[in-house]
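Q: Here the protein sequences come in this chain order: A and B. In terms of full-length UniProt numbering, the first sequence is numbered consecutively and its last residue is 428. In terms of full-length UniProt numbering, the second sequence is numbered consecutively and its last residue is 428.
In short, the hints are calculated from the structure, not lab data. Keep in mind that this is a model prediction, so the values were computed, not measured. Please note that the accuracy of each hint is not assured.
If several chains are the same, the list does not tell them apart, and a pair holds so long as it fits within one copy or across any two.
What the hints assert, rightly or not - Here are the simulated EDC-like cross-link-like pairs (lysine to aspartate or glutamate), alpha carbons at most 16 angstroms apart as the crow flies:
#, residue 1, residue 2
1, K215, E313
2, K259, E325
3, K215, E314
4, K253, D66
5, K259, D217
6, K303, D409
7, K303, E113
8, K23, D279
9, K266, D91
10, K228, D33
11, K301, D338
12, K228, E313
Number of protein chains: 2
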Amino acid sequence: MSNDLYRFTATEALKRFEDGSLKVSEYATSLLDHIDQRQPAVQAFEYIDRSQVLQQARALDDVPKDKRGPLHGMPTQHNSPIYKDDQPELDAASVIMLRAAGALILGKTRTTEFAATVKGPATTNPHDSSRTPGGSSSGSGAAVADFQAPVALGTQTGGSTIRPGSFNGVYAMKPTWAAISREGQKVYSLILDTLGLYARSVDDLKLLADVFGLKDDQPPRVPTDGVKGMKFGLLRTMVWDQARLGTRNAMEKGVELLKSHRAEVKEIDFPADFDRLPDWHSCILKSDGRTAFRPEYMVAKDKLDRSLVEHVEEAHGYTRGAYLEAFDGVSALRPKWDAIARDYDAVIVPSVPDEAPEGFESTGSAVFNSMWTALHVPVINVPGFQGEHGMPIGLSLVAPRYHDQALLDVAKVVGEIWEKEGGWSGKL
Amino acid sequence: MSNDLYRFTATEALKRFEDGSLKVSEYATSLLDHIDQRQPAVQAFEYIDRSQVLQQARALDDVPKDKRGPLHGMPTQHNSPIYKDDQPELDAASVIMLRAAGALILGKTRTTEFAATVKGPATTNPHDSSRTPGGSSSGSGAAVADFQAPVALGTQTGGSTIRPGSFNGVYAMKPTWAAISREGQKVYSLILDTLGLYARSVDDLKLLADVFGLKDDQPPRVPTDGVKGMKFGLLRTMVWDQARLGTRNAMEKGVELLKSHRAEVKEIDFPADFDRLPDWHSCILKSDGRTAFRPEYMVAKDKLDRSLVEHVEEAHGYTRGAYLEAFDGVSALRPKWDAIARDYDAVIVPSVPDEAPEGFESTGSAVFNSMWTALHVPVINVPGFQGEHGMPIGLSLVAPRYHDQALLDVAKVVGEIWEKEGGWSGKL
Chain A
1 MSNDLYRFTA
11 TEALKRFEDG
21 SLKVSEYATS
31 LLDHIDQRQP
41 AVQAFEYIDR
51 SQVLQQARAL
61 DDVPKDKRGP
71 LHGMPTQHNS
81 PIYKDDQPEL
91 DAASVIMLRA
101 AGALILGKTR
111 TTEFAATVKG
121 PATTNPHDSS
131 RTPGGSSSGS
141 GAAVADFQAP
151 VALGTQTGGS
161 TIRPGSFNGV
171 YAMKPTWAAI
181 SREGQKVYSL
191 ILDTLGLYAR
201 SVDDLKLLAD
211 VFGLKDDQPP
221 RVPTDGVKGM
231 KFGLLRTMVW
241 DQARLGTRNA
251 MEKGVELLKS
261 HRAEVKEIDF
271 PADFDRLPDW
281 HSCILKSDGR
291 TAFRPEYMVA
301 KDKLDRSLVE
311 HVEEAHGYTR
321 GAYLEAFDGV
331 SALRPKWDAI
341 ARDYDAVIVP
351 SVPDEAPEGF
361 ESTGSAVFNS
371 MWTALHVPVI
381 NVPGFQGEHG
391 MPIGLSLVAP
401 RYHDQALLDV
411 AKVVGEIWEK
421 EGGWSGKL
Chain B
1 MSNDLYRFTA
11 TEALKRFEDG
21 SLKVSEYATS
31 LLDHIDQRQP
41 AVQAFEYIDR
51 SQVLQQARAL
61 DDVPKDKRGP
71 LHGMPTQHNS
81 PIYKDDQPEL
91 DAASVIMLRA
101 AGALILGKTR
111 TTEFAATVKG
121 PATTNPHDSS
131 RTPGGSSSGS
141 GAAVADFQAP
151 VALGTQTGGS
161 TIRPGSFNGV
171 YAMKPTWAAI
181 SREGQKVYSL
191 ILDTLGLYAR
201 SVDDLKLLAD
211 VFGLKDDQPP
221 RVPTDGVKGM
231 KFGLLRTMVW
241 DQARLGTRNA
251 MEKGVELLKS
261 HRAEVKEIDF
271 PADFDRLPDW
281 HSCILKSDGR
291 TAFRPEYMVA
301 KDKLDRSLVE
311 HVEEAHGYTR
321 GAYLEAFDGV
331 SALRPKWDAI
341 ARDYDAVIVP
351 SVPDEAPEGF
361 ESTGSAVFNS
371 MWTALHVPVI
381 NVPGFQGEHG
391 MPIGLSLVAP
401 RYHDQALLDV
411 AKVVGEIWEK
421 EGGWSGKL
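The task is simple: from the sequences and hints, build the whole structure.
A: Here is the structure:
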C-alpha cells in the first residue's frame with residue numbers, strides 16, 4: 001500500500017473505490033496517519049475520533065456497490081461552529097446530506113469564535129506555520145491544503161470561505177446564498193451567512209455541488225477548448241487601494257494568461273450606486289450580530305468576545321433606520337449586478353489584499369469578499385499565484401446568482417491554466 | 001389557594017410573585033392541573049414533564065428577589081418544531097433568552113409537520129373541539145386561549161402565528177423579520193420564517209418583546225387618551241374576495257368602534273405593483289422549501305409529507321429565474337410599504353378569511369398573512385369579534401418594519417375597545 005494515499009482528491013479516490021483497487025478503510029487510515037503527524041504543527045482539527053472514523057470506513061466498505069452513494073467513502077470534515085463541548089444529536093443539514101451520499105465524516109475542524117471574530121484559533125497555515133490560515137473556516141482551509149481531507153465545509157458571512165481558500169492555496173466556493181441549507185450552523189446574519197465548500201480540484205467541488213443540489217436554470221455548456229473564446233470581466237472594485245503587491249501581480253498575471261490562451265478580458269467598473277456596498281455590508285453584519293448573539297449575551301456576556309458584545313450593545317451606533325437603508329440598498333443592487341455579470345463567462349476579482357499575514361492575532365481582511373457575500377452571488381477562489389514570500393494567492397471568479405454550475409465549469413478551465421502557469425511554486 | 005390561579009396573565013402573576021402573595025410553584029401546580037384536565041380534549045401539548053416543571057418552579061421560588069429576571073417564574077411553552085423524539089441538548093435561541101429572563105418552561109406544544117404543512121396535528125380548538133385551532137403553531141394558540149399557559153411562542157412563514165391567534169381568540173404578534181433570533185427552530189424559508197408570540201394581553205406581549213430586545217428607533221409615544229386622535233389605515237388587500245361574512249362584519253364593526261372613539265380611519269389600497277405579492281410569496285416559499293427539506297428528502301423521502309416532497313422535486317415548476325424575480329420584487333416593495341404605513345398609527349387588515357373551519361384536514365388559509373410575512377413588517381392579531389358560529393375572529397394591525405414597540409402600544413388601546421365592544425361572547 002502506497003504511503004501517500006492521503007494525497008488523492010475525492011474524485012481520484014472514488015474512482016479507485018469503484019474499480020475495487022482501494023478500500024475506504026485504507027484511504028481513511030492513510031489520512032488519519034497523516035493527520036496524526038501534522039496535527040501538532042497545523043492544528044486543523046478541533047475534534048477527531050480515530051476508531052469512530054475507521055468503524056465508519058469499514059461499514060462503508062461493506063456497502064454493496066449498487067447501494068453506494070455519490071460520495072461513497074469520501075472523507076469530509078465539517079466546520080460547524082457549535083458551542084464548545086456541545087455534542088448535538090442532530091447533524092447540521094449539510095452533514096446530513098453528506099452522510100446520505102455516503103461520505104465518511106472525519107471530524108470537526110477549528111474556527112474562530114462562533115465563526116464570527118477575526119481572532120485566529122490555534123490552526124496554522126500549512127505552508128508557513130508562522131502565518132494565519134485565514135478564517136473563520138481556518139481548519140477547513142488548512143486541512144484541505146495539507147491533504148488531511150480531500151474536501152471540507154465552511155461558512156462565509158464576510159470572507160470566511162474565500163479568504164482561507166486564497167491563504168492556503170486551495171479551491172474554495174461560496175455558492176449562491178440559500179441555495180444550500182445552512183441549518184444547524186450558528187447564525188451570525190441570516191441574509192449573509194452562506195455555506196462554503198473546499199477542495200483541491202474543481203471536480204471535487206462539483207461532487208459536493210451535486211450532492212447539495214446546486215442547479216442552474218440552464219444546463220451549463222461545458223467548455224471544450226479551454227478558455228478560448230471566453231469573455232471575462234476584470235473588476236478591481238471600489239476597495240482596490242487595499243490590494244498589495246501579491247494581489248496586484250496576480251491580477252495582472254491572471255489576465256495575461258487568459259489572453260494568451262485566447263480569451264477576451266474586459267476591464268469593468270461598478271456603477272456609482274455600488275459605492276456604499278462595503279458600508280452597507282458592515283451595517284448589516286453588525287446589526288444582525290445584535291440579534292444573533294443576544295442569547296449568549298444574556299447567558300454569559302463575560303464569555304463572549306468583545307466584538308460580539310459590542311454588536312449586542314450597539315456600540316456601532318447603527319439605527320434600525322440605517323439597517324433598513326442598508327438592507328434595502330443591497331437588495332436593489334443584486335439584480336443590477338446579475339445583469340452586469342450576465343455578459344461574461346465570469347468576472348475576475350481579488351480574493352484577498354495579499355498573501356496570508358504573519359501571526360495569529362487576525363485572520364486577515366475580508367474587504368474583497370464581503371460585497372459578494374452581500375450580493376448573494378457564487379464566488380470561486382482559484383489558486384495559482386504567489387506573493388513575495390512564496391505564499392499562495394488566489395483570484396476570485398464571480399457570476400450572477402444561480403449560475404453556480406456554469407461558474408464551476410469556467411473555474412475548471414481557468415484553474416488548469418493558472419495552477420500550471422501562474423507561478424506558485426510552494427504547493428505541498 | 002384559589003382554584004383558578006391558572007387564569008392569571010403573565011403580568012398579573014408576576015405582580016403577585018413580586019409582592020410575595022403567590023409562589024411560582026403554586027401557579028405552576030394550578031396550570032399543570034388545568035392542563036391535565038384539558039389535554040384529552042385540546043391536546044395542545046406534545047411534551048410536558050410535570051415533575052421537571054415543578055422542580056424548576058421550586059428552584060425559581062428559591063431565587064432571591066434581587067436576582068430575579070424580568071420573566072421570573074413565568075410559565076412559557078415553546079413551539080419548536082424539532083424532529084420527533086429528538087432531544088437536543090441546546091435550547092432554541094428564543095428559549096435560551098426566556099430561561100435567562102427567569103421563565104419557567106412548561107413544555108413543547110404541537111405543530112403541523114415541520115411547521116410547514118397545513119395538515120393539522122391532534123390539537124383542537126378550545127372553543128369548539130370539532131374545529132381546527134389553526135396552524136402551524138396549533139398547540140401554542142390553543143394552550144394560551146385555554147389558560148394552559150399565559151404566553152407561548154410560534155413561528156410564521158405564511159400565516160402560522162396570526163391565524164391561530166384569530167382562530168383561538170388571543171393576541172398574536174409576528175414581529176419584524178429577524179428582529180428576534182429564530183435559531184434552533186427548523187428552517188422552512190430563511191427570508192420568511194419569523195418567531196411569533198402569543199398572549200392573552202398586550203402587556204404580556206410587551207414582557208416578551210422586552211426580553212427579546214425588540215426596540216424601535218423612536219421611543220413610542222404611549223397613548224394617553226385611548227385611540228382618540230389616532231389615524232388608522234383600512235386595507236382590504238388584493239385578496240379581499242376571499243373574506244367571508246365573519247371577517248367582513250369584523251372589519252366593519254372594528255372601524256365603526258374606532259370612529260366612535262374618535263379615531264380617524266382612512267380606506268387605502270395597495271399601489272398596483274403590490275398585485276403580485278401573493279404569487280411571489282408562494283414562489284419564494286416553495287423554492288426555499290426545496291433547499292430546506294433536501295436533507296430530510298435524501299434521508300427518508302417516504303416519511304416526508306407529500307407537499308414537502310413536491311417542494312424538493314420542484315413539482316411547482318418555478319425556475320431559479322422566477323425565484324429571483326419574486327425575491328427581488330418583494331425586496332423592492334418593503335421600503336414602499338414602510339413609506340405608506342408611516343402615515344398611520346397602524347393599518348387594519350384581515351387576519352383570516354373567517355372563523356376557524358370545522359375538521360382537522362386543514363389548519364386554514366394564510367391568504368391574509370403571507371403578504372405581511374414577505375414584507376417583514378410587525379403584525380398583531382387583536383381579538384374581539386365573532387363569526388356566525390360564535391367562534392372568535394380577530395383583525396390584524398400592521399406597521400412599518402421596526403415599529404414593533406409602537407405597534408404594541410397601539411394594539412393595547414385598540415384591544416381595550418374591540419375586546420369590550422366587539423361582540424365576541426364566547427371567551428373561555
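Q: Give a verdict on every hint.
A: Against the structure, the hints:
no., hint, verdict
1, K215 <-> E313, "between (40 angstroms within a copy, 12 angstroms between copies)"
2, K259 <-> E325, "neither (41 angstroms within a copy, 35 angstroms between copies)"
3, K215 <-> E314, "between (39 angstroms within a copy, 12 angstroms between copies)"
4, K253 <-> D66, "neither (46 angstroms within a copy, 67 angstroms between copies)"
5, K259 <-> D217, "neither (29 angstroms within a copy, 53 angstroms between copies)"
6, K303 <-> D409, "neither (44 angstroms within a copy, 36 angstroms between copies)"
7, K303 <-> E113, "within (11 angstroms within a copy, 37 angstroms between copies)"
8, K23 <-> D279, "neither (51 angstroms within a copy, 51 angstroms between copies)"
9, K266 <-> D91, "neither (44 angstroms within a copy, 52 angstroms between copies)"
10, K228 <-> D33, "neither (43 angstroms within a copy, 77 angstroms between copies)"
11, K301 <-> D338, "neither (41 angstroms within a copy, 34 angstroms between copies)"
12, K228 <-> E313, "neither (53 angstroms within a copy, 36 angstroms between copies)"
Comparing the model with each numbered hint stated earlier shows that hints 2, 4, 5, 6, 8, 9, 10, 11, 12 do not hold.
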